[in-house]
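**Student:** With chain R fixed as given, assemble chain W onto it according to the hints.
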Amino acid sequence: MKGRFGEFGGQYVPELLVPVLEELDNEFEKLKKDNEFRKELDYYLGQYAGRPTPLYFAERLSKKLGGNAKIYLKREDLLHTGAHKINNTIGQVLLAKKMGKKRVIAETGAGQHGVATATAAALFGLNCEVYMGANDAKRQVLNVYRMKLLGADVRIVDIGSKTLKDAINEALRDYASNSKETHYVIGSALGPHPYPNIVKYFQSVIGKEAHAQIMDAEAKMPDYLVACVGGGSNAIGLFSGFLKEDTVRMIGVEAGGKGIASGKHAARISGDGKKGVLHGNLSYVLQDNYGQIRETHSVSAGLDYPSIGPEHAYLYELGNAKYVNITDSEALEGFHLLSETEGIIPALESAHAIAYLKKLVLKCKQEDVIIVNLSGRGDKDVAHVAELEGVKI
Amino acid sequence: MMFVPYVCCGDPNLEFSAKLIRALARHADIVELGIPFSDPIADGKTIQMATSRALANGVNIEKIFGMVAMLRHEGIEVPFVFMTYYNIVYAYGREKFLKMMKEVGVQGLIIPDLPFGEDPEFENMAENEGICIIGLITQNTKKERAKKILESCGSSMFTYLVSVSGVTGVRDDIDKESIEFVKRIRKLAGNKKKLCVGFGISNKKQAEEYHKAGADGIVIGSHIINIYSKYINGDKVDETRSLNEIETFCSICL
Numbered sequence: 003m004k005g006r007f008g009e010f011g012g013q014y015v016p017e018l019l020v021p022v023l024e025e026l027d028n029e030f031e032k033l034k035k036d037n038e039f040r041k042e043l044d045y046y047l048g049q050y051a052g053r054p055t056p057l058y059f060a061e062r063l064s065k066k067l068g069g070n071a072k073i074y075l076k077r078e079d080l081l082h083t084g085a086h087k088i089n090n091t092i093g094q095v096l097l098a099k100k101m102g103k104k105r106v107i108a109e110t111g112a113g114q115h116g117v118a119t120a121t122a123a124a125l126f127g128l129n130c131e132v133y134m135g136a137n138d139a140k141r142q143v144l145n146v147y148r149m150k151l152l153g154a155d156v157r158i159v160d161i162g163s164k165t166l167k168d169a170i171n172e173a174l175r176d177y178a179s180n181s182k183e184t185h186y187v188i189g190s191a192l193g194p195h196p197y198p199n200i201v202k203y204f205q206s207v208i209g210k211e212a213h214a215q216i217m218d219a220e221a222k223m224p225d226y227l228v229a230c231v232g233g234g235s236n237a238i239g240l241f242s243g244f245l246k247e248d249t250v251r252m253i254g255v256e257a258g259g260k261g262i263a264s265g266k267h268a269a270r271i272s273g274d275g276k277k278g279v280l281h282g283n284l285s286y287v288l289q290d291n292y293g294q295i296r297e298t299h300s301v302s303a304g305l306d307y308p309s310i311g312p313e314h315a316y317l318y319e320l321g322n323a324k325y326v327n328i329t330d331s332e333a334l335e336g337f338h339l340l341s342e343t344e345g346i347i348p349a350l351e352s353a354h355a356i357a358y359l360k361k362l363v364l365k366c367k368q369e370d371v372i373i374v375n376l377s378g379r380g381d382k383d384v385a386h387v388a389e390l391e392g393v394k395i
Numbered sequence: 180m181m182f183v184p185y186v187c188c189g190d191p192n193l194e195f196s197a198k199l200i201r202a203l204a205r206h207a208d209i210v211e212l213g214i215p216f217s218d219p220i221a222d223g224k225t226i227q228m229a230t231s232r233a234l235a236n237g238v239n240i241e242k243i244f245g246m247v248a249m250l251r252h253e254g255i256e257v258p259f260v261f262m263t264y265y266n267i268v269y270a271y272g273r274e275k276f277l278k279m280m281k282e283v284g285v286q287g288l289i290i291p292d293l294p295f296g297e298d299p300e301f302e303n304m305a306e307n308e309g310i311c312i313i314g315l316i317t318q319n320t321k322k323e324r325a326k327k328i329l330e331s332c333g334s335s336m337f338t339y340l341v342s343v344s345g346v347t348g349v350r351d352d353i354d355k356e357s358i359e360f361v362k363r364i365r366k367l368a369g370n371k372k373k374l375c376v377g378f379g380i381s382n383k384k385q386a387e388e389y390h391k392a393g394a395d396g397i398v399i400g401s402h403i404i405n406i407y408s409k410y411i412n413g414d415k416v417d418e419t420r421s422l423n424e425i426e427t428f429c430s431i432c433l
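Protein sequence lines, in the order shown, are assigned to chains R and W.
Numbering-wise (the numbering used here), the first sequence opens with residue 3 and increments by one.
Numbering-wise (the numbering used here), the second sequence opens with residue 180 and increments by one.
Bound-form chain R, shown alone:
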């Protein structure tokens, strides 16, 4: 069926959005084949965002973790605005412009996708409004101000759990009401069809580059890919370059929060999520016995979401990818580990992937090659980490 990954995905949306998404799908498929569009996209990814990003051999980290495996970092943290999010927002805002839209809207949790959307909107001269949960806005005052500096309006969502999922609800309502002039820039590989495909398409540049780069460096395919998974856009971006390589094992790292048993986590597949429908698609969803969506917890706002992109649910069911989780405190260890061994402060999201390496290397054979997607840098998290560790700055 169209827009499905096995049984997952789909288009569970109000009727108002059905023709809107159909138009979006058609325009997207057309532009994908349009050489001018691809040229323009490549130009901005290269000259503006800073692609290609290096695939860096983290020698000291590899040694520190026992020296069995060779660990490579895909340096998405070096991109403009500090994370992989910009790959998708440049693509989608350019798409919106080609569709004749005057306004873009976005949801944001930590503020990274909001900042990346506001950035692309400023770059292409479109109006931008970003929905953000009231609780998130309180935790991320700096990003709220960054979005304002970039000319965006920040709309605070003060209902429900007042976090990312509520911001998405509100953005979907706005989109249904104003679709004539508005494009909704979804930040991760989720939402109704065609969004999971669109976001994957724009993020697949990560996997394409990494595929070529690892061949140059090692003349063989990696043994493992590791990426953190909130909605799952950085992970699907990396995985997509290796889906045809049977020997590559893909691992998505979810937020284990305070541990699965505590109930305070965002581990949909590796924790206690069940199949369900949220925000337009069928996937694994954290919910109670009655189907009400649960509140989630993670030290990292970018992983703090009750559902996971539908293609991840599918890769999991097929057995093509494995999903694990890392707790808040393990992630904080990863944060320090990379900072101290390599001089790279990772985003708390990416720190989950780093932290998992400690477990993964125990299973590795000599000379196994691992690629970790370093999806973002940690500047945004420095104050938060200091506070968590009781350090006054």
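Keep in mind the hints are simulated off the structure, nothing from the lab.
Small disclaimer: the values here were computed from a predicted structure and weren't measured.
Hints may be right or wrong, so weigh each one.
Partial pick of chain W residues on the chain R-facing surface, computed with a CB cut under 7 Å [what the hints assert, rightly or not]:
#1 Ser217
#2 Asn239
#3 Glu300
#4 Glu302
#5 Leu315
Using N, Cα and C, we set each Cβ at its ideal position, and we do this for glycine too.
**Tutor:** Then chain W, alone, in the frame of chain R:
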């Protein structure tokens, strides 16, 4: 003209909802029973607030099935339709949900985030159980698709026309586009299909205009909540005043 009021079950408690349903049943042709969902993307502020009050006060699907069974047992005969989001049905089990609806006496089902054709298997299950899945048509629904929705099984009860391009919630006026939309769908539907218009309706004048344009009925949701929500305090509500005002509204509006 058909009057289809909406009740958000459990706002602020189920005892009050039952009283409200009894009061509305005297005037209504169909009563729409809202099963609260934590993330109601098709709803505006009023229903969002009602939903979160209901959930905070502990309502769930089992209790709602229980309330419906009780009302049927009392002899209330007005047709009921459930209005809820797909995950509630999915989590309960699609077939089990339909069977329970049949068992307690709910004839129809509106799922705003399950557009026509998205789950054909479920549509078939409903048809087999004799449950009407009410199709929704919006101003931007394409003609061929609108035709199919008008011919779908659930249209034997009615087809829901979403009057505005947006979410639920009271609007003071009707714009020309909404009226033209109702006329257009009436023409497409012929004279036998029942069409009810919803989203944004709160008064007699609006109802009459839609009626003139060819609608058989109107759905009123947010306005009913507005009537009693000012009397809510925690999980309590001033029932006498609320029900008096509901009664007044029904007698003026209908």
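**Student:** Closer than 7 Å between Cβ atoms is the bar; does Leu315/W clear it against chain R? Give me holds or violated.
**Tutor:** Nearest chain R Cβ about 5 Å off; hint holds.
**Student:** Under 7 Å, Cβ to Cβ, is where Glu300/W needs to be relative to chain R, so tell me if that hint holds or is violated.
**Tutor:** violated, 10 Å
**Student:** Once the shortest beta carbon distance from Asn239/W to chain R is found, is it less than 7 Å?
**Tutor:** holds, 5 Å
**Student:** Does the closest beta carbon of chain R sit nearer than 7 Å to the beta carbon of Ser217/W?
**Tutor:** holds, 4 Å
**Student:** Tell me if the interface restraint on Glu302/W is satisfied: Cβ within less than 7 Å of some Cβ in chain R.
**Tutor:** Because about 14 Å separates Glu302/W from the closest Cβ in chain R, which is outside the 7 Å limit, the hint is violated.
In summary, the structure is inconsistent with hints 3, 4 from the numbered list given earlier, while agreeing with the others.
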